[in-house]
Amino acid sequence: MSGAEDIFLDAMQILASTLRLAAPLILCAMAGMFSERAGVVDIGLEGKMLMGAFAAAAAATLSGSPVVGLAAAVGASVALALIHGFACITHRGDQIVSGVAINILASGLTVVLGIALFSQGGQSPPLAQSERFQPIDLPGADAVSAIPFFGTFYETALSGHNLLVYLALLAVPAAAFVLFATSFGLRMRAVGEAPEAVDSAGYSVAWLRYRAVIIAGVLCGLAGAYLSTAQGGGFVREMSAGKGYIALAALIFGKWRPVPTLFACLLFGAMESTAARLSNVELPGIGQIPVDVILTAPYVLTVILLAGFFGRAIPPRALSVPYVKDR
Amino acid sequence: MSARNLPRWVDLGLIPILNLMMALGVAGVVVALIGENPFRALRVMVEGAFIFPGSLGYTLYYTTNFIFTGLAVALAFQARLFNIGGEGQAAIGGLGAALVCLALDPFIPGLIVIPLAIMAAAAFGAGWAFLPGFLQATRGSHVVITTIMFNFIAAGVLVGLLAGPLIRPGQSTPQTRDFADEATLPKVHEIARALGFDMASSPLNVSIIVALLACVFVWVLVWRTPYGYRLRTLGQSEPAARYAGVDVPRMIILTMALSGALAGLMAINDVLGAQEKLLIGFTSGYGFTGIAVALMGRSHPFGIVLASLLFGALYQGGAELSFEFRSIDREMVFVIQGLIILFSGALAYMLHAPLGRLFARAPRVRPAP
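The listed protein sequences correspond, in order, to chains A and B. Once you know that position 226 of the first sequence is 226 in this note's numbering, the rest is easy, because the numbers rise by one and skip nothing. Once you know that position 149 of the second sequence is 149 in this note's numbering, the rest is easy, because the numbers rise by one and skip nothing.
One chain only, chain B, in its complex shape:
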């Protein structure tokens, strides 16, 4: 890549910020075209994301979703695999968690059901990504296309199950019954109140701790284990990896399954933490946002936490837009998201050449004595 000749702080700090500025700039132009003041919109978003009571909880709740889906995309990216199937893997992960809760919560104490449900979410997500990985590794069908197809199949499966066997008896909304209270993840404001602090209600729950643990896990896995070394080798050059004796098909399958497990874990935040039941469409695009998060966060867990916070703030602040303005909708967030993917992903090399000219010259100005 042409990134080599750039100083690290430019590559990892300046370029993401410039990309974000460009995305916000174009979104600002759209707001101005609509006839509203973009700076006021930005202020409303910032206030809505961090300052209003309870808003921070919502921001961190969304952040949790994006950490999981961002890590999922990033892990696969390390092996140059593009897992666009986070949406479907999260949906099926939610199904796994819900099945465990529905089957066990009347009989077994919640403290045992919860870890089982979390494992089921990861396992179901992994299973849903295993197949595309397996097909790429053994039959040569590209994961991009198969994971897209699997997103739609997952949505169909979920609708079929929720409208049929899993529907809460005696109602027509396609959703399951509520899980038993002790079989759900405690919300942060409940814990705070139990400890005597006052805190506004929000769907933020202990999943965020699981998410942060997942970050540490991915960092150790990718940069501190033999698996991670093979993974990064595969990402740099498949022939080199093969020559070094890496079992490439096995790596592809394993990596896709791990990536799917991370995406599947996203479901615990919503299904076990916030809704406490399984609903249709609960993934609402978070899987796709994971792509933006991974690109923005440069596929590194630390970057992903920062990017997730950014997107969490965008989602929560964006919801505020619809209340404050008559003509701006929260869909504005998708415009910003699309632009961020465009600038920091598809147009990633656009800034490299000019910035390279600007910064690469600097060390050469002072010749060696």
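The following block holds chain A by itself, in its conformation from the complex:
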């Protein structure tokens, strides 16, 4: 019996670490979902998250409060989102070019501002415990821990994460509700499929798309704050390390739908978590696989999916097409 319990405990620990690694992916993927469902491609998830991470760490250091950091992260990320909107919605610019610009801008700006503010080679000073989001014990975690299996699951896998992990998990039903159960969400999805129909119904395509882009900015800001003030204890240059692109891959992998996207994020998170564990293990016949090779798995899987080898990922019809009102 205790053998099974031990294996279960191991599994639950992996699940807990998967959740921690998947949280920023989930937030970013939901951000991308709002933007892309409304017809605006978002390659700039990475840059917005990085900017958010920097703003969160900087504001948390200067104010001593992670909540102020969170607000700054959301503000900075939304600012970049508005630039994206201004270029793509107002001026009908190329959405991919704009996203690339935002990523490069964020990668430069965070280091330039970091050096100007803290003179530590682009890093922020390490954050004190009080300046970070702390693990939260869910109610009754101690009480149920004696129950076999369920207790272990509740205590080890579910409880003890920080606020932003729970926010990430809540973001999925919230996104599903907003997109699929409200008239606002219906219009937002319609604007990504048939903007001319929404326009003729009397709603502003531009304003709907702006709102989608702003929501994406807020969610990327949360993801950024998670990186620097919850998961990590300060900002490090390039700390988003491609997570925005993995989130984009997860969004495509989940076919632009909330629950499948959540599972794609969890899958990619689990890969990252097992890659770390596999790094020093000799596999029979293959030898040691470098972590970086295992970490390319999400990208390989997404390419295979896009090639249509298991299921088809069909993007919103008006994705990446700027809307020109008929004159």
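Since the hints were made in silico from the structure, they are not lab data. Keep in mind the model is a prediction, meaning the values are calculated, not measured. From the three backbone atoms N, C-alpha and C, an ideal C-beta is built for every residue, glycine too. A couple of the hints might just be wrong.
[Claimed, not checked] A few chain A positions that, by computed beta-carbon distances, are all more than 10 Å from chain B: (1) Asp137; (2) Tyr154; (3) Val236; (4) Thr274.
[Said to hold, decoys possible] Per label pair, the in silico range of CB-to-CB distance: (5) Gly281(B) - Pro173(A): 57 to 63 Å; (6) Arg357(B) - Thr182(A): 38 to 44 Å; (7) Phe149(A) - Ala103(B): 55 to 61 Å; (8) Val178(A) - Val216(B): 50 to 56 Å; (9) Trp223(B) - Pro173(A): 54 to 60 Å; (10) Ala103(B) - Leu278(A): 37 to 43 Å; (11) Ala103(B) - Gly308(A): 35 to 41 Å; (12) Gly170(B) - Gly75(A): 47 to 53 Å; (13) Arg139(B) - Ala4(A): 42 to 48 Å; (14) Gly308(A) - Val220(B): 49 to 55 Å; (15) Glu196(A) - Thr225(B): 38 to 44 Å; (16) Trp223(B) - Glu196(A): 47 to 53 Å; (17) Val216(B) - Glu193(A): 22 to 28 Å; (18) Gly308(A) - Val216(B): 35 to 41 Å.
[Said to hold, decoys possible] These stretches of chain B come out as covered by chain A in the derived footprint (C-beta under 8 Å, 3 or more residues): (19) 135-141; (20) 342-348.
Chain A is already provided as a structure; the job is to place chain B on it using the hints.
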């Protein structure tokens, strides 16, 4: 596009300059916010790029990289394909060149190894872009997403190989052994010294000649061949191209492969010319800079040479910033680069309407008699 009603000199000359001014202006505001003098920063950059001994060599070395990656993006742009995979194609191109050198340089004279290595760089780059092109042409998956994914896969492949089978024996830094001296491209200062001129050392090497030849090649290909005509037709209108009998899937695959070959050639400048070995991360963002270069240079080889020179100067001058100022880092260059992509790419149409109003009226002022 709304560009039709603008005079050519406005569209091709004034607008790029205005976009550059806006990007530099916003970057200047950032410098001023940091508490430094933006005009002094600009002077340091110009001096660092052109005036200090050896600086011009470095500027032209970076220029060479950007000509290759800029041409790669521009060629695909002609067919409305957005190849963001220059970074990965260059990395794999470097792998190709390195494999040839590592395998052959002990046995075969350098004069034969070098052209083989150059061809391998192009072929490997082409191969890495072929797959995204093939998947778009036959399976309908968008090259933008697949080339992004391929950048990351390329990075993983390179790390895996350099940390494992290709690592120089007896060391732990993930890089290959040095190539044999005669299997590398000669540096310009070495040639100058051999001819009796004095010249400061720099990584500038004969790749720049290959880069300029590539410009001529792309110009001839796009504007003087049937392939180029089909390419531009496809870029203007896919239905029209299809109606005219253009084999669209074949064009997409071929164009992506050619674009990848150009990006792969970037590797010769660094791997065969400057480092003389393969390192992790040697592409350091040059593939992405190619997007800015292509946008700035209006996807034309001549414009790309000018834009590459601009970015070469920015990179080299930007490196100087970190020495001259305590609080400005060379990352400032990425801020400027991001802003240039924003203004000359994403906000490309912003200036058209006001400038159109300003200039389109001019011919109509004088009515026909």
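Here is what the structure says about each hint:
1. Distance check on Asp137(A): its Cβ is at least 37 Å (rounded) from any Cβ of chain B, clearing the 10 Å threshold; non-interface status holds.
2. Separation of Tyr154(A) from chain B is adequate, the least Cβ-Cβ distance of about 36 Å exceeding the 10 Å criterion.
3. Every CB of chain B is more than 10 Å from the CB of Val236(A) (nearest about 14 Å), matching its label as outside the interface.
4. Distance to chain B confirms Thr274(A) as a non-interface residue, since its nearest Cβ pair spans about 16 Å, more than 10 Å.
5. Taken as a hint, the range 57 to 63 Å is violated for the pair Gly281(B) and Pro173(A), whose Cβ atoms sit roughly 40 Å apart.
6. Hint check: Arg357(B) to Thr182(A), Cβ distance near 42 Å, so the stated range 38 to 44 Å holds.
7. Roughly 56 Å separates the CB atoms of Phe149(A) and Ala103(B), a value that falls within the hinted 55 to 61 Å.
8. Under the hint 50 to 56 Å, the C-beta atoms of Val178(A) and Val216(B), about 55 Å apart, fit the expected range.
9. Trp223(B) and Pro173(A) have their C-beta atoms about 55 Å apart, which keeps the hinted 54 to 60 Å range intact.
10. Between Ala103(B) and Leu278(A) the beta carbons are some 31 Å apart, a value that contradicts the proposed interval 37 to 43 Å.
11. Range check, Ala103(B) to Gly308(A): Cβ separation about 37 Å, and the 35 to 41 Å hint holds.
12. At roughly 52 Å, the beta-carbon separation of Gly170(B) and Gly75(A) lies within the given 47 to 53 Å, and the hint holds.
13. Taken as a hint, the range 42 to 48 Å holds for the pair Arg139(B) and Ala4(A), whose Cβ atoms sit roughly 44 Å apart.
14. Range check, Gly308(A) to Val220(B): about 37 Å between beta-carbon atoms, so the 49 to 55 Å window is missed.
15. Look at Glu196(A) against Thr225(B): about 40 Å separates their beta carbons, and that is inside 38 to 44 Å.
16. In this structure, Trp223(B) and Glu196(A) break the distance hint of 47 to 53 Å, their C-beta atoms being roughly 37 Å apart.
17. Distance hint check: the CB atoms of Val216(B) and Glu193(A) are about 46 Å apart, inconsistent with the given range 22 to 28 Å.
18. Evaluation of the 35 to 41 Å hint for Gly308(A) and Val216(B) yields a pass: the beta carbon distance comes to about 40 Å.
19. Counting residues of the stretch 135-141 of chain B whose C-beta lies closer than 8 Å to any C-beta of chain A gives 4; at least three are required, and the coverage claim holds.
20. Given as covered by chain A, the stretch 342-348 of chain B passes the check, having 5 residues with a CB less than 8 Å from a CB of that chain where 3 are the minimum.
Hints 5, 10, 14, 16 and 17, counting from the list given before, are not met by this structure.
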